[in-house]
Amino acid sequence: MIRLHMIVQGQTEEAFVNQVLVNHFGYFNVIVDVRAVETSRRHGRIYRGGLLDYQRAKRDLVRWMREDQNNDAFFSTMFDLYALPDDFPAYAAAQRLNPNGPCHCARSSLPG
Amino acid sequence: MTLVDYFVPEQIIVVERPDRETLFHRPDPDELQDWLSEYSLAELWEKNVLGGRPS
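As they're listed, the protein sequences go chains P and C.
Just so we're aligned, residue 1 is where the first sequence starts under the working numbering, counting upward by one.
Just so we're aligned, residue 1001 is where the second sequence starts under the working numbering, counting upward by one.
The shape of chain P in the complex, shown without the other chains (with noise of 0.2 Å):
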């Protein structure tokens, strides 16, 4: 049975996921799970919102894909545009984009 494990930002995504994606992919027989990136502390102190880290985000990524790799398994992600941190890949190249233009879809693997 596919498997759907999406990674999100945080509380707000984990939100949609469970409460409008679960149900969509159920209808197709698609199990989704959710892992937020984002907690309410960080090192201790408490953390209020804010930008995504992109290596937090990759190795948390990777680390999951390591523990799912049967073929039966998809990953995908949730991450808010708004603020998005420049190391994110490809980010310079996303920025030259035209946004009035018509919409882009952009495939590409994980560096390293």
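A hint or two may mislead.
[Stated by the list, open to error] Listed below are the simulated EDC-like cross-link pairs for lysine to aspartate or glutamate, each with C-alpha atoms no more than 16 Å apart in a straight line:
| no. | chain 1 | residue 1 | chain 2 | residue 2 |
| --- | --- | --- | --- | --- |
| 1 | P | K58 | C | D1034 |
| 2 | P | K58 | C | E1038 |
| 3 | P | K58 | P | D87 |
| 4 | P | K58 | P | D86 |
| 5 | P | K58 | P | D80 |
These are computed hints drawn from the structure, not numbers from a lab.
Note that the structure is a prediction, hence the values are computed from the model and not measured.
Assemble chain C onto chain P, guided by the hints.
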């Protein structure tokens, strides 16, 4: 510190109720070791690595 930070993985039982039954499971300490090198148990609960998230 969150209460769960005072425990080790071997002391945790995760309780979930996906449909109309209650399911209990123990997290795998070996699988958690990699995560624990970067996060505390409380953070792993918030991230839903442990499970048992409020619905």
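Q: Take the C-alpha atoms of K58 (chain P) and D1034 (chain C), compute the straight-line distance between them, and say whether it is at most 16 Å.
A: Roughly 14 Å separates the two Cα atoms, so the pair holds.
Q: For the pair we were handed, K58 (chain P) and E1038 (chain C), check the Cα-Cα distance against 16 Å.
A: Roughly 13 Å separates the two Cα atoms, so the pair holds.
**Q.** Restraint status (C-alpha distance of K58 (chain P) to D86 (chain P) at most 16 Å)
**A.** 14 Å, holds
Q. Within a Cα-Cα threshold of 16 Å, do K58 (chain P) and D87 (chain P) meet the stated pairing?
A. Holds - the C-alpha atoms of D87 (chain P) and K58 (chain P) are around 11 Å apart, at most 16 Å.
Q: Starting from K58 (chain P), check that the Cα of D80 (chain P) is at most 16 Å away, please.
A: 15 Å, holds
Going through the hint list in order, the structure satisfies each hint without exception.
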